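Listed below, chain by chain, are the residues.
Number of protein chains: 2
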Amino acid sequence: MRLSLNTATVKKATLAQAASLCAEHGITGIGPWRDVVETAGGAKAARRLLDGYGLTVTSLCRGGFFTTFTAEALADNRRAVEEAADLGTSELVLVVGGLAPGSKDLPAARANVARALEQLVPYASGLGVRLAIEPLHPMFCADRAVVSTLGQALDLAEPFAPHEVGVVVDTYHVWWDPELFGQITRAAGRISAYQVCDWVVPLPADMLLGRGHVGDGHIDFAPITEAVRQAGYTGHVEVEIFNQSIWDTDPAETVKTVVDRHLTHLGPL
Amino acid sequence: MRLSLNTATVKKATLAQAASLCAEHGITGIGPWRDVVETAGGAKAARRLLDGYGLTVTSLCRGGFFTTFTAEALADNRRAVEEAADLGTSELVLVVGGLAPGSKDLPAARANVARALEQLVPYASGLGVRLAIEPLHPMFCADRAVVSTLGQALDLAEPFAPHEVGVVVDTYHVWWDPELFGQITRAAGRISAYQVCDWVVPLPADMLLGRGHVGDGHIDFAPITEAVRQAGYTGHVEVEIFNQSIWDTDPAETVKTVVDRHLTHLGPL
Chain A
1 MRLSLNTATV KKATLAQAAS LCAEHGITGI GPWRDVVETA GGAKAARRLL
51 DGYGLTVTSL CRGGFFTTFT AEALADNRRA VEEAADLGTS ELVLVVGGLA
101 PGSKDLPAAR ANVARALEQL VPYASGLGVR LAIEPLHPMF CADRAVVSTL
151 GQALDLAEPF APHEVGVVVD TYHVWWDPEL FGQITRAAGR ISAYQVCDWV
201 VPLPADMLLG RGHVGDGHID FAPITEAVRQ AGYTGHVEVE IFNQSIWDTD
251 PAETVKTVVD RHLTHLGPL
Chain B
1 MRLSLNTATV KKATLAQAAS LCAEHGITGI GPWRDVVETA GGAKAARRLL
51 DGYGLTVTSL CRGGFFTTFT AEALADNRRA VEEAADLGTS ELVLVVGGLA
101 PGSKDLPAAR ANVARALEQL VPYASGLGVR LAIEPLHPMF CADRAVVSTL
151 GQALDLAEPF APHEVGVVVD TYHVWWDPEL FGQITRAAGR ISAYQVCDWV
201 VPLPADMLLG RGHVGDGHID FAPITEAVRQ AGYTGHVEVE IFNQSIWDTD
251 PAETVKTVVD RHLTHLGPL
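Residue numbers (full-length UniProt numbering), protein chains in the order written: chain A, 1 to 269; chain B, 1 to 269.
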């Protein structure tokens, strides 16, 4: 499976630096975050930059955070769709958001995800962008994503065509799920992105930053990767690692490690 | 639903102190941990003590940690079964254990849970003790419990009679689960214990200790409690909170808070 570098893995690099490192190390894909794209002069400028390095934009991170279903959230998601289209990627990753402030109504928050998709799909689809629902680990259910499993993401995707709403398989978020392999099979045609990083214990104080390089933790990548492949996914595998000590490392060093681990655990570049 | 105090909530109290506080505050059930029972002179002495206060022992915490399937682990679980029987409770809570040291083989660890149940059920059943599988939050999958959902616990329970293998519903571990209500319905006849505490964000550095008093966090208790009741559960609700700052509080104060929150969120004592 070909390798893509998610820019969150090299947080202190600019888009130009990340792209240059990719080219230097034989990485053919890149998954930028919106803030990095903005700093690079916006989506059109970013695309020219990335085209110059021959990089495929595998996804844009991220839209979502629309469980409150506010007009602002929906408008921001339409902008994210436009940016994805301008970047030349068909996949906009969505982290759906947690409980509304002060609310304990999980079913209502989840219903708002379905409503937001209904609102956004026609617009995204018109621009050739697929909305890619990313289930987050259940430990983020209260504050970041009320969609916690691949099965739940697929239930939300089901009313829409496979080119309209997809799902993200991120090993960190789904590796524990007893239903994982069945749901990956079910996801055939809807896998927007396959993201990897490892589950390391103990988690640090900030749970968001507890992810490890592939191979440093407890996840068995081979069977998950094979299941994603068997489901017909032919895209890149995107390495997305949130980890303060990796962020503090020289990005060139990090990219080298990412490539080494990819070759060991995931196959050729 | 009647209230039971799990001794982990008042970690610095002895069993006698905890029992006395229960009696004083109108709490009719208690769920002791094995270490507390041992310190109280063993299960038979503990039972005399608790009988003296008129307390029902709602469960014993805990057996399990048998994903390595060692002879020692199985022997220790047989001792836990004997202690449950001596305490006069039919419910032995099992935290099944994480991945074996150095292993990434989650299916193998899960298969060992099924094998361990097969080994233990005849012995437990002979002593009138039900093995109560507790699914733990997926964030504990690597290191504490490879059983992460109520559905998965019920799949493991299914080969056995409802009086032989049950499940624990602990709000902290299962509140996020999109399948929760369906699985509680499915659990009818097998609910060994209903435990409560709240999900508070941000979690502290030690994830084990991040639980809050009922009402302090994001969990909506009423619908879960109602579902447990609808599933035919007639036992106590056991308050089990792991939280350093609660542990540092005077146990009498903690018990008072537990009672107040119970009356507000869960009903009469």
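Hint data in this document are derived by calculation from the structure and do not stem from the laboratory. Treat the numbers as computed from the prediction; the structure is a model and nothing was measured. Hints may contain errors.
Remember, identical chains collapse to one label, so a pair may be satisfied in a single copy or spanning two.
As the list claims (entries may be wrong) - Think about it this way: if two alpha-carbon atoms lie no more than 25 Å apart in a straight line, the pair counts; the simulated SDA-like pairs of lysine to any residue are:
#, residue 1, residue 2
1, Lys256, Trp33
2, Lys12, Gly102
3, Lys104, His218
4, Lys104, Gly267
5, Lys11, Tyr53
6, Lys12, Pro122
7, Lys11, Ala205
8, Lys256, Arg2
9, Lys256, Glu179
10, Lys104, Thr264
11, Lys11, Leu203
12, Lys256, Leu154
Each hint tested on the structure:
Proximity of Lys256 and Trp33 under a CA criterion of 25 Å is satisfied intra-copy only: 21 Å inside one chain copy versus 49 Å between copies. For the identical chains of this complex, Lys12 and Gly102 are neighbours neither inside a copy (34 Å) nor across copies (33 Å), given an alpha-carbon limit of 25 Å. Within a single copy, Lys104 and His218 get their C-alpha atoms only as close as 32 Å, which misses the 25 Å cut-off; across copies the closest is 5 Å, which meets it. For the identical chains of this complex, Lys104 and Gly267 are inter-copy neighbours only, at 19 Å across copies versus 44 Å inside a copy, given an alpha-carbon limit of 25 Å.
Only within a single protomer do Lys11 and Tyr53 lie at most 25 Å apart by alpha-carbon distance; the minimum there is 19 Å, versus 60 Å between protomers. In this homomeric assembly, Lys12 and Pro122 never come within 25 Å of each other (Cα to Cα): the closest approach is 35 Å inside a single copy and 59 Å across copies. For the identical chains of this complex, Lys11 and Ala205 are neighbours both inside a copy (19 Å) and across copies (23 Å), given an alpha-carbon limit of 25 Å. In this homomeric assembly, Lys256 and Arg2 come within 25 Å of each other (Cα to Cα) only inside a single copy, at 15 Å, whereas the closest approach across copies is 59 Å.
For a Cα distance limit of 25 Å, the shortest separation of Lys256 from Glu179 qualifies neither inside one copy, at 34 Å, nor across copies, at 41 Å. For the identical chains of this complex, Lys104 and Thr264 are inter-copy neighbours only, at 16 Å across copies versus 44 Å inside a copy, given an alpha-carbon limit of 25 Å. When the C-alpha separation of Lys11 and Leu203 is checked against a cutoff of 25 Å, the pair qualifies both within a copy, at 20 Å, and between copies, at 24 Å. Proximity of Lys256 to Leu154 under the C-alpha cut-off of 25 Å is found in neither arrangement, the shortest distances being 34 Å within a copy and 45 Å between copies.
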